[in-house]
Each structure stands twice: as C-alpha cells, then as structure tokens.
Amino acid sequence: MAGKTLYDKLWDSHLVKDLDDGTSLLYIDLQYIHEVTSPQAFEGLRLAKRKAWRSGANLATPDHNVPTTLSERSRGVEGIIDPVSKIQVKSLDANCLEFEISEFTIDDPRHGIVHIIGPEQGRTLPGMTIVCGDSHTSTHGALGALAHGIGTSEVEHVLATQTLQQRKAKNMLVKVNGRLGTGITAKDMVLAIIGKIGTAGGTGYTIEFAGDAVQALSIEGRMTVCNMAIEAGARAGIVAVDDLTIEYLEGRPFAPKGEQWKQAVSAWRDLHSDADAEFDKVVELEGSEIEPQVSWGTSPEMVAPVNARVPDPQEVENASRRGNYQQALKYMGLEPNTPIQDIQLDRIFIGSCTNSRIEDLRAAAAVVKGRKVAKNIKQALVVPGSGLVKAQAEHEGLDKIFIEAGLEWREPGCSMCLAMNADQLGEGEHCASTSNRNFEGRQGFGGRTHLVSPAMAAAAAVSGHFVDVRTLDLN
Amino acid sequence: MKKFTQEKGIVIPLDRANVDTDYIIPKQFLKSIKRTGFGKNLFDEARYLDKGLPDEDCSDRPLNPDFVLNQARYQGGRILLARENFGCGSSREHAPWALDDYGIRCIIAPSFADIFFNNCFKNGILPIVLEEDIVDILFEETAANEGYELEIDLANQQILKPDGEVLAFDIEPSRKKVLLNGLDDISLTLQHADDIKAFESRWQQQSPWLFN
Ligand code: SF4
Chain A
1 MAGKTLYDKL WDSHLVKDLD DGTSLLYIDL QYIHEVTSPQ AFEGLRLAKR KAWRSGANLA
61 TPDHNVPTTL SERSRGVEGI IDPVSKIQVK SLDANCLEFE ISEFTIDDPR HGIVHIIGPE
121 QGRTLPGMTI VCGDSHTSTH GALGALAHGI GTSEVEHVLA TQTLQQRKAK NMLVKVNGRL
181 GTGITAKDMV LAIIGKIGTA GGTGYTIEFA GDAVQALSIE GRMTVCNMAI EAGARAGIVA
241 VDDLTIEYLE GRPFAPKGEQ WKQAVSAWRD LHSDADAEFD KVVELEGSEI EPQVSWGTSP
301 EMVAPVNARV PDPQEVENAS RRGNYQQALK YMGLEPNTPI QDIQLDRIFI GSCTNSRIED
361 LRAAAAVVKG RKVAKNIKQA LVVPGSGLVK AQAEHEGLDK IFIEAGLEWR EPGCSMCLAM
421 NADQLGEGEH CASTSNRNFE GRQGFGGRTH LVSPAMAAAA AVSGHFVDVR TLDLN
Chain B
476 MKKFTQEKGI VIPLDRANVD TDYIIPKQFL KSIKRTGFGK NLFDEARYLD KGLPDEDCSD
536 RPLNPDFVLN QARYQGGRIL LARENFGCGS SREHAPWALD DYGIRCIIAP SFADIFFNNC
596 FKNGILPIVL EEDIVDILFE ETAANEGYEL EIDLANQQIL KPDGEVLAFD IEPSRKKVLL
656 NGLDDISLTL QHADDIKAFE SRWQQQSPWL FN
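Residue numbers (this note's numbering), protein chains in the order written: chain A, 1 to 475; chain B, 476 to 687.
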C-alpha cells in the first residue's frame, strides 16, 4: 500500500466517522471568526436556541471592515465613522460576549487580520484542522495545518457541532525545484504557480507545496504561498512541518509549553507526506526560472514577468480564453503588447493577509529607503497586518522610512485589499497591490489592480510605473 | 432549510467565465448583518451604471442596458446559465443569498468553484454541472428563442428542454436528500453527537495541547 500524503494524515486524524452517504464528519480544532461572515451564523444559533459546542475552540477579531486611520482608530469601536460598519463590529463584540468566545477587539494590541494574528500568536498549530468564514484561511496550511475557508452556514455548523460534513479532496503536489533568484519572493512564486495551473487548476484538490525552493522560504513566505492556494482553486494549501516550523512556533503565546511542547513537537515531526505517497496530480516548476510577476488582467492567472508585455488576445487560440483576455484588457484600460513596465500607476497598496507581515514590510522599506514616492502616485498606503507587526516595524524604524519616502503608515486591517472601508481606488485608477485578488471592482468601483510582491510594489511607488526591482540599488 | 424539488423558469444566460463572488455581490453590501435583501444588488457593478451604496433604493439608479439581467426577455428568470469556474474567489455566502433573493433557484455551468458550490446547497439553490458542449448548446438555444425555459426535476435528476429533449445530471445522494427534504444540516449532524464526543475525548488524550 502506498504511503500517505500530508493531507491524508491530517484528514485521517480528524475523521469522526464516515457517513453512509459518502460524506465524512471531520472534527474541527479551531475556528477564526470575523465581523463580516459571522453575524448571520450567530443569529442562526440564537434562533435555534443553540450554544457553541466548544467556545474555547474559536478566536475572533474584526478586520475586514475596520478603518485604518489613526483619527478613527484611536477612539476604538466608537471611532468608526461609517455607521453600518460600526454596527457590524459591535455585533461581533456582542456575539462573542454572548457565546463566550475570545476576541481581540479593535483596540487590543494583538488585533489584526485573522490570518496574520493566528500564526503570530501561536494559535495556529501544526496538525490542526482550521476553518474561517474567509477563503484565505488556506494561509494557515503553511504551518502544517489543514485549513480552509467556509461559508456562513458552515460557520454556524462548526460553532454548533465542532465538525464539518466534508468530502475528501484529491491530492495535488506543486513542487518548486532549485532556488529562487535574488530579489524573487514567495509572492512571485505563487503568482507564477497560478499563472501556470490557472485559477481553476486546483479545484477539488488540496495542494501541498514542496520542493527545495519552498523549503527554503521562511514561514512567512510559506504563508504567502498557501494564502493564494485558493486563487488556484484549491480550498487548502499545505507545507510539511520542518525545523523552521518548530522554531517559528516556540515561545509564541498560545503555543504549548514544557512537557506538552515536547509531546507536540514529536507528534508534529510526522506531519509530512510519506516518501512513497501518491498524488493525483503533480506540477513542477523551476525556481530559477521565476521572475518578478505582475498581474495585468482581472484574474490572478493573468500574470506576466515584469520584463514582458501585456498579451495580445488575437494570438490566443482558444475562443473563450480570447474573450476573457479581451474583456480583461478592456476593463484594465490596457492595449495589447504594452510593456508591463510602461503601465503608469495611481496608487500603491502594501498590506493584506498575503503580504503584511514584518518581512514584507522590511522588504518594501529596503526599496523605498532614501527615495521618494513618484509624483504621479496619488497615494501609497502601508497597512501592517496586526498591531504587533506595526509595533515591531516601528521598533525597527520602518515607519519612519515609509513616511520619509512619502507613504502613509496606517493602523492594521484588511483595508484596500477588499476596500470595504474608506481605503479604495477611484474609477479607472491603476494600483500596484500586494494583495491577492485583481477581480473587477475588488479594490473599489472601476479600480484596476495589479498584483505584485512588496518589493515590486515599493519599486513601483518610487518609479511611478512598474520596474524590475532587481535593477534598483538597495540601501 | 429551503427545499428544492421541481422548478420551471426562464433561463438567464451569463456568458462570462470565472465569475467571482465579488462580481456577484460587491463588498460594500457585505456590511449587512442580515441574510436577506441582497437581490437588488446582485451583480451590482455590471447591472447599474453608477456605484451602488448599501441600503440605497435602487429603483431609480441608471441601468446598464447591455447587462443581461436588464433585458426585457429575461425578466423573472429563475435559472442562471453560466460558464466555467462560476463563483470563484471569496467564501462569502452573501453570493448565494443574493442569487436566492433575486429569485434564482438553479445555476447550470460546466464547473463551479468549491466553496460557492457548497454554499448553494446550504441555501436551497441547485448548482448543476453539465458538459461544456451541452452548456454551449443551451447558450445558443437561449439566445435564439425568446422566453426559453427549462424544467428541472431534482428527484429524477433531469432537465426538460422546450424541444422535449431530456438532459440527465449528477448530484451526490446526500445533497439530493437534503435539498428534496429541506433538511437542517446541524440537526442532522447532532444526531451523531455521541460520536463527536467520543472522538473529542480520544483526541484530547492524544493531543492535549489542542485543548488548553
Ligand atoms: S486581507 Fe484581504 S484577503 Fe485577507 S482576509 Fe482581509 S479581505 Fe480577505
């Protein structure tokens, strides 16, 4: 019999029972909760007079909807100007109180984007099953956990039963061999992967990311890669546990301590695919061939290397794909064959659960240091992923570097990643963004998003258009 | 939960691949803490020419005449015909809530994104996967015939076309049962409460650090 994949192991260890209809009941160790996809779930519990099965297996924080300016944030929840947003954040507070769920409220120093604070606090642990009413829950797979997004009905289901009815996905291995070149980041890697397999390439699979180039990434880099597994259609992305994973977790507030730590570490050592495990699909890339990536269209698979040109739909054979390209270029206001580096930008966004951790901010700061934001850039936002990332960045003086260069230094939250708050693109504006989605209107009505790494966004900020970050001298 | 048994209705063709949930219901409407009222903002950015705001009266907003939902022949449509990877992107259940609130009961496409597909069943909407060439034919026939209707029969897993042709479709038995009977998933799962408790105590013994 073939060995097990990491996904098989995580699945098997959480299987409560196989139901006779072909589905399975899977135990859920942890649920993250935020203000946007939970109110209707709590309301459902109330209507059915149900309690949380295990309230301690949940952690909540408001992130999607919160303002990021200091003037609003310094007054906590009362400072939120948008009345509808305020109600939503207050509802989360009230629901967490009522159902006895711990919450990092908006004024807690540990507050931030759910997918940033979980790993940062050591709440996300290897071998867990984790869900959240947010598709980027796949992020937590970077620590060897099985983590994926769910809808609101399932949020309610997990709250009430601590389980999910699931169908097992297939196994896909994405292997990135060799090494990434200098100046190439986890973000470029994952954009290149999505460019290769397409936004539906991973549908129905759990993707394990492996290979020397993946293992050489920091844990934060692995989070960036797993974060975007959903952009390749896979609900979950995972990376095997190794020394780096264990080093990352040791000493974090919620990580086990003492004897339990030892016991946990020995269990975690088995969290990798067996050498003879079989995958349903294997995709390989060469790390050395990956260049800085820039998305030019309205789907994350529409990416190109920074030194390339916007494609010409006329050269695309498949009719439906040609149509998609035409539609995308029309929305993006781009002519076929335009060099990517000629795309002029209006705004810059450095943030989101993909790229707002300390390493991301360091990479961006290294590029803008001693430089100034280009004149044509109307706004360049830096939004740290959590209160603790913000404090660390300030401790290292990164905030001063950003402000000196003309970028805005904000309070943590999702911000312009989905533009539910005041941080938005204007109609027709082009933005270099470190977030994960370039869908039509994602960052604001009529806004045009280009997905890039933090270093590339920073380079774009000081140049006013895309440039190959590898050509800039770093200070 | 809402039942789905049989449904006959006008087909609305949305000829666009990779329709994401941001497109189905833009984020500004996600501020609501209710499950209802999203229908008027379904496909908001494509449907109206201006930028929509939450809680706004949409009756005098300028409509985009080119968008399919605004064309007279598709008014009252209950079946959405779509292209591949429908519902990709965010996990927001507001997407099926908006479709449901508008009156869509069934979506036919060559493929769906996982989370969205799952969310449909939770709301009594039937997503049907058909081969791409069959979907192509349905698009052609919908375009050629005003008032084109399909009849969906879930119990028999059949789609009846106006020309009398019958198309079969697959559905997992458990999902079929839940839809046909309008069952509540949580109650169903709680029938296994003893198994869950037994698992939980075993798991706690084995991995005590997960229960601190
Ligand atoms: S940062 Fe963006 S992608 Fe991440 S959780 Fe927030 S809205 Fe979702």
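Hint data in this document are derived by calculation from the structure and do not stem from the laboratory. Where is the CB? At the ideal position from N, CA and C, for every residue including glycine. It cannot be assumed that every hint is accurate.
[As the list claims (entries may be wrong)] Footprint (simulated), chain B over chain A, 3 or more residues, beta carbon under 8 Å:
| hint | stretch |
| --- | --- |
| 1 | 15 to 24 |
| 2 | 32 to 40 |
[Claimed, not checked] Residues of chain A placed beyond 12 Å of chain B at every Cβ, according to the derived structure:
| hint | residue |
| --- | --- |
| 3 | Ser74 |
| 4 | Phe99 |
| 5 | His148 |
| 6 | Glu156 |
| 7 | Glu220 |
| 8 | Gly251 |
| 9 | Glu408 |
| 10 | Trp409 |
| 11 | Gly441 |
| 12 | Val467 |
task: Just pull the numbers of the violated hints for me, sorted ascending.
output: Violated hints: 5, 6, 11; rest satisfied.
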